[in-house]
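Enquirer: Residues 0 to 272, numbered by numbering that gives the first Met the number 0, are exactly what the sequence shown covers, in order.
Since the hints were made in silico from the structure, they are not lab data.
Remember, predicted model here, so these are calculated numbers, not experimental data.
We put the CB at the ideal spot given by N, CA and C, even for glycine.
A couple of the hints might just be wrong.
Below, in silico cross-link-like pairs of lysine to aspartate or glutamate (DMTMM-like), each with a Cα-Cα straight-line distance of 20 Å or less [stated by the list, open to error]:
#1 Lys13 x Glu254
#2 Lys26 x Glu246
#3 Lys92 x Glu64
Here are the simulated distance ranges between beta carbons [as the list claims (entries may be wrong)]:
#4 Asp125 x Glu246: 45 to 53 Å
#5 Lys33 x Glu124: 46 to 54 Å
#6 Leu31 x Thr177: 38 to 46 Å
#7 Pro112 x Leu31: 23 to 31 Å
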Amino acid sequence: MNRKELIAQIQAKKTFLCVGLDTDFIKLPYHLQKQPDAVFEFNKAIIDATLNHCVSYKINTAFYESMGLKGWEAMERTLDYIPKSHFTIADAKRGDIGNTSSHYAKTFFEIFPFDAITVAPYMGEDSIRPFLEYENKWTIVLGLTSNKGASDFQRLSIGNSQERLYTQVIDTVSAWGTPDNLMFVVGATQARDLRSIRDIIPDNFLLVPGIGTQGGCLEEVCKYGANEDGGILVNVSRAILYAKSDENFKAAAAEVATKYSNEMASFFKEEMA
0 MNRKELIAQI
10 QAKKTFLCVG
20 LDTDFIKLPY
30 HLQKQPDAVF
40 EFNKAIIDAT
50 LNHCVSYKIN
60 TAFYESMGLK
70 GWEAMERTLD
80 YIPKSHFTIA
90 DAKRGDIGNT
100 SSHYAKTFFE
110 IFPFDAITVA
120 PYMGEDSIRP
130 FLEYENKWTI
140 VLGLTSNKGA
150 SDFQRLSIGN
160 SQERLYTQVI
170 DTVSAWGTPD
180 NLMFVVGATQ
190 ARDLRSIRDI
200 IPDNFLLVPG
210 IGTQGGCLEE
220 VCKYGANEDG
230 GILVNVSRAI
240 LYAKSDENFK
250 AAAAEVATKY
260 SNEMASFFKE
270 EMA
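Start from the sequences and build out the full structure, keeping to the hints where you can.
Expert: Shown next as structure tokens:
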């Protein structure tokens with residue numbers, strides 16, 4: 000999916016909700032755990048429940064990889080079930096030397112035809128370049144994450160200046176691609192930093208996790224992170240997936256997704272309407 004198509008979906012639905020399919024088998028409703036393909040059946044129900052309220056799905060590959068072959072198969076079936084109208088993200092956080100990254104890119108852009116993949120920039124441009132070479136695919140680079148350990152490195156000062164490492168990373172990486180193929184992860188719990196990040200990358204899309212269970216504020220994310228195209232995909236995972244743990248989980252997921260989508264619609268800038 001290219002930038003124009005993604006923006007069109009956001010404007011048509013008046014939402015930038017991304018549903019995170021971080022599906023944990025032990026958290027599935029008990030009646031589903033007995034089924035031979037429980038993870039896919041759960042994902043299928045969640046997709047059916049949220050399809051009209053979101054523009055994207057993010058599959059955290061760790062939850063599938065940890066299940067071995069069966070997990071990879073569930074991921075493949077889930078990806079196949081998501082309509083092409085929705086932007087798909089492999090939350091895989093890959094990043095290695097060029098030859099290895101080339102194989103990662105082939106895995107998640109060809110074998111599993113995701114629209115985007117998350118990557119770690121620590122090893123530099125040659126670790127990211129193979130992903131950027133794919134046409135109409137997106138590379139989503141970790142910028143400023145929402146976890147406690149983000150302060151260990153990302154917020155370190157550079158030399159004697161007030162500049163932080165994460166701003167240098169975002170500034171440097173932004174030159175490797177364009178707003179048509181490069182996004183950045185910025186955690187919702189770091190929402191006030193979005194203003195300075197937008198000064199560096201005014202046009203790139205941002206993938207913003209951390210709303211819901213992690214406590215991020217949607218209003219602040221929209222205030223500081225949105226641009227005239229929308230420019231953000233706000234991910235919500237656990238709050239939607241596990242809204243209820245019984246047989247009513249599907250209806251509960253739809254209700255929560257509707258709530259977030261409606262709230263997002265109220266923050267749209269006039270020019271986006």
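Enquirer: Each hint should be assessed against the structure and marked as holding or not.
Expert: These are the hints, each one checked on the structure:
With a C-alpha separation of about 17 Å, the suggested pairing of Lys13 with Glu254 holds against the 20 Å cut-off. Between Lys26 and Glu246 the alpha-carbon distance is near 13 Å, which keeps this suggested pair within the 20 Å criterion. For the hint linking Lys92 to Glu64, the alpha-carbon distance of about 13 Å falls within 20 Å, and the restraint holds. At about 50 Å, the CB distance of Asp125 to Glu246 agrees with the hint of 45 to 53 Å.
Look at Lys33 against Glu124: about 48 Å separates their beta carbons, and that is inside 46 to 54 Å. Evaluation of the 38 to 46 Å hint for Leu31 and Thr177 yields a pass: the beta carbon distance comes to about 42 Å. As the Cβ distance of Pro112 to Leu31 is approximately 27 Å, the hint placing it in 23 to 31 Å holds.
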